[in-house]
Amino acid sequence: TYTNLNRLVSQVISSLTASLRFDGALNVDVTEFQTNLVPYPRIHFMLSSYAPVISAEKAYHEQLSVAEITNSAFEPSSMMAKCDPRHGKYMACCLMYRGDVVPKDVNAAVATIKTKRTIQFVDWCPTGFKCGINYQPPTVVPGGDLAKVQRAVCMISNSTSVAEVFSRIDHKFDLMYAKRAFVHWYVGEGMEEGEFSEAREDLAALEKDYEEVG
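In full-length UniProt numbering, the protein residues as written are 1 to 214.
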């Protein structure tokens, strides 16, 4: 339901802003995202993922380790957009941990990630991992469907696999625009039909930009 999705999204937003609100070993400022994650002005579409996503019904007693939640954050099932990061290459990653996490465990988890064959990085820039640690554990809505956990991680990454999302939007647009579906509403409000073609070309160019940087 929308409630389930909204609660999941709110965990991601909460993790993003946690370092502004709580104390931690490595606090991350929001302006650092742009500095660390955007190599070129047009390549600024980020993927976010969150782990662990455990339902309250299936909550188990032993908690997941830092290494386990870090690995999970790179899985397609943890992504907030429908694309497979294994098909693309990462340019940069920002990992924001919450709860019972120490820098030693984070360093070990990141070192393991770098050795994985399934996680590819571009060769034209150094493998950048920006890590943040916040001592405040994730808070869940009482009676909600997400389990209370001791530690969690939110990852914001810049990956070429986001081009899959643009490709899907392009395809859906082409199907609708071929039938001129809904176009009259926009034209009636003063838009010109040529603006649709321009926007479509721009998105196709963006898709190509992401392919080229990979």
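If you are wondering where the hints come from, they were derived from the structure by calculation, not from laboratory data. Incorrect hints may appear among the rest.
[To be verified] Listed next, the in silico SDA-like pairs over lysine to any residue satisfying Cα-Cα at most 25 Å (straight line):
hint	residue 1	residue 2
1	Lys130	Arg42
2	Lys104	Ala67
3	Lys82	Gln11
4	Lys116	Met46
5	Lys208	His184
6	Lys82	Trp185
7	Lys82	Phe45
8	Lys116	Asn71
9	Lys104	Thr17
10	Lys82	Asp23
11	Lys208	Gln136
It should be emphasised that the depicted structure is a prediction, and the values quoted were computed from it without experimental measurement.
Hints versus structure:
With a CA separation close to 21 Å, the supplied pair lysine 130 and arginine 42 stays within the 25 Å bound. Simply put, lysine 104 and alanine 67 have alpha-carbon atoms about 11 Å apart, close enough for the 25 Å limit, and the pair holds. Only pairs whose Cα atoms come within 25 Å are accepted, and lysine 82 paired with glutamine 11 is accepted, the gap being roughly 18 Å. Restraint check: the Cα-Cα separation between lysine 116 and methionine 46 comes to about 21 Å, which is no more than 25 Å; the hinted pair holds.
A distance of roughly 30 Å separates the Cα atoms of lysine 208 and histidine 184; the hinted pair therefore is violated under the 25 Å criterion. Straight-line distance between C-alpha atoms of lysine 82 and tryptophan 185 comes to about 29 Å, which puts the hinted pair past the 25 Å bound. Between the alpha carbons of lysine 82 and phenylalanine 45 the distance comes to roughly 14 Å, so the proposed pair stays at or under 25 Å and holds. Proximity of lysine 116 to asparagine 71 is assessed by CA-CA distance (about 10 Å); at most 25 Å being required, the pair is judged to hold.
For the suggested pair lysine 104 and threonine 17, the alpha carbons sit about 23 Å apart, so the restraint of at most 25 Å is met. Proposed proximity of lysine 82 and aspartate 23 is contradicted: the alpha carbons are some 33 Å apart, above 25 Å. Pair hint lysine 208 plus glutamine 136 does not hold up; C-alpha atoms about 41 Å apart against a cutoff of 25 Å.
Violated hints, listed in ascending order, are 5, 6, 10 and 11; each of the other numbered hints is respected by the structure.
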